Amino acid sequence: MIPLEYELVLSALLFCIGLYGVLARRNGIIVLMSIEILLNASILNFVAFSSYSGNASGQVFALLGIAVAAAEAAVGLAVFLAIYQTHGTIELDKIRFLKW
Amino acid sequence: MKAREFLSVAAATALFVVMALSFLGGVGWPHSPTSIPVYNPNATSSNGIANELFNAFAITIILIAILLGAAMIGGVYLAKMDEPGKVGP
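For the protein sequence lines, the chains are A and B, in the order given. The numbers in this note's numbering rise by one with no breaks, and the one at position 71 of the first sequence is 57. Counting the second sequence from 1 gives a position; this note's numbering is that position plus 4.
By construction, these hints were calculated from the structure, which means they are not laboratory data. The structure displayed is predicted, hence computed values, not measured ones. A virtual CB, placed ideally from N, CA and C, is assigned to each residue, including glycine. Incorrect hints may appear among the rest.
[As the list claims (entries may be wrong)] Quick list of the computed label-pair ranges, beta carbon to beta carbon:
1. A:-11 to B:58: 26 to 34 Å
2. A:12 to B:39: 39 to 47 Å
3. A:-4 to B:51: 22 to 30 Å
4. A:74 to B:65: 34 to 42 Å
5. A:-12 to B:90: 49 to 57 Å
6. A:70 to B:14: 29 to 37 Å
7. A:-11 to B:90: 31 to 39 Å
8. A:70 to B:51: 45 to 53 Å
9. B:38 to A:77: 42 to 50 Å
[As the list claims (entries may be wrong)] As a list, the in silico DSSO-like pairs of lysine-lysine whose alpha-carbon atoms are at most 27 Å apart:
10. B:90 to A:85
11. B:84 to A:85
12. A:80 to B:84
13. B:90 to A:80
14. A:80 to B:6
15. B:6 to A:85
[Said to hold, decoys possible] Partial chain A-side listing against chain B, Cβ under 8 Å, derived:
16. -10
17. 57
18. 67
19. 68
Using the sequences provided together with the hints, build the complete structure.
Structural data, given as structure tokens:
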């Protein structure tokens, strides 16, 4: 049986990989995928604690988190599609229409 | 390696070390997982995932459904092609 600590360390590793993607990469799609990795790390934490504490609420929160991640991915991809049509790029450093 | 990537790697590594040390260091985590049923038809309290989902989180299910519907409509509105080669509002 896998100890809880290993699942928590795996979750922390996933979170740090996602954090690196958000901080270091400039491509919008990759940043969106990194945010999904961050969400998956939190979902893994929910499921791990739920299994080891015997409380089903954590797994319910995991299901709701998956739904939120799907909604975020759908809107994010549509936004990047529209940005690509207007700016010709999805490099986040070159998109300046929210700046003065 | 650029400065931005170096700082990102340093921040992520430092955060991982702190989290791993806090997880592995002397915390009395539970040792064995508990089996949680997907649905318990004889439950008096919410002890299955479906029981919990549709009893304690019924309002949340409705809100998530509204969120998914809004996301679908918003995604289609942003990505629809009015004329060839032009996407978006």
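Consistency of the hints with the structure:
1. A:-11 to B:58: 26 to 34 Å: holds, 32 Å
2. A:12 to B:39: 39 to 47 Å: Roughly 45 Å apart at Cβ, these two residues keep to the hinted range, so it holds.
3. A:-4 to B:51: 22 to 30 Å: Given about 27 Å between the Cβ atoms, the range holds.
4. A:74 to B:65: 34 to 42 Å: holds, 41 Å
5. A:-12 to B:90: 49 to 57 Å: Given a distance of about 51 Å, which is inside 49 to 57 Å, the answer is holds.
6. A:70 to B:14: 29 to 37 Å: holds, 32 Å
7. A:-11 to B:90: 31 to 39 Å: Taking Cβ atoms as reference, residue -11 of chain A and residue 90 of chain B lie about 55 Å apart, which means the hint is violated.
8. A:70 to B:51: 45 to 53 Å: holds, 48 Å
9. B:38 to A:77: 42 to 50 Å: holds, 47 Å
10. B:90 to A:85: holds, 24 Å
11. B:84 to A:85: The hint holds at about 26 Å.
12. A:80 to B:84: holds, 24 Å
13. B:90 to A:80: Holds, at roughly 20 Å.
14. A:80 to B:6: OK: residue 80 of chain A and residue 6 of chain B at ~18 Å, within 27 Å.
15. B:6 to A:85: holds, 25 Å
16. -10: Residue -10 of chain A check passes; min Cβ-Cβ to chain B is 4 Å, inside 8 Å.
17. 57: With a closest approach of 4 Å, the residue 57 of chain A hint holds.
18. 67: Holds - the Cβ of residue 67 of chain A comes within 8 Å of chain B, reaching about 5 Å at its closest.
19. 68: holds, 3 Å
Violated hint for the displayed structure: number 7, the only one.
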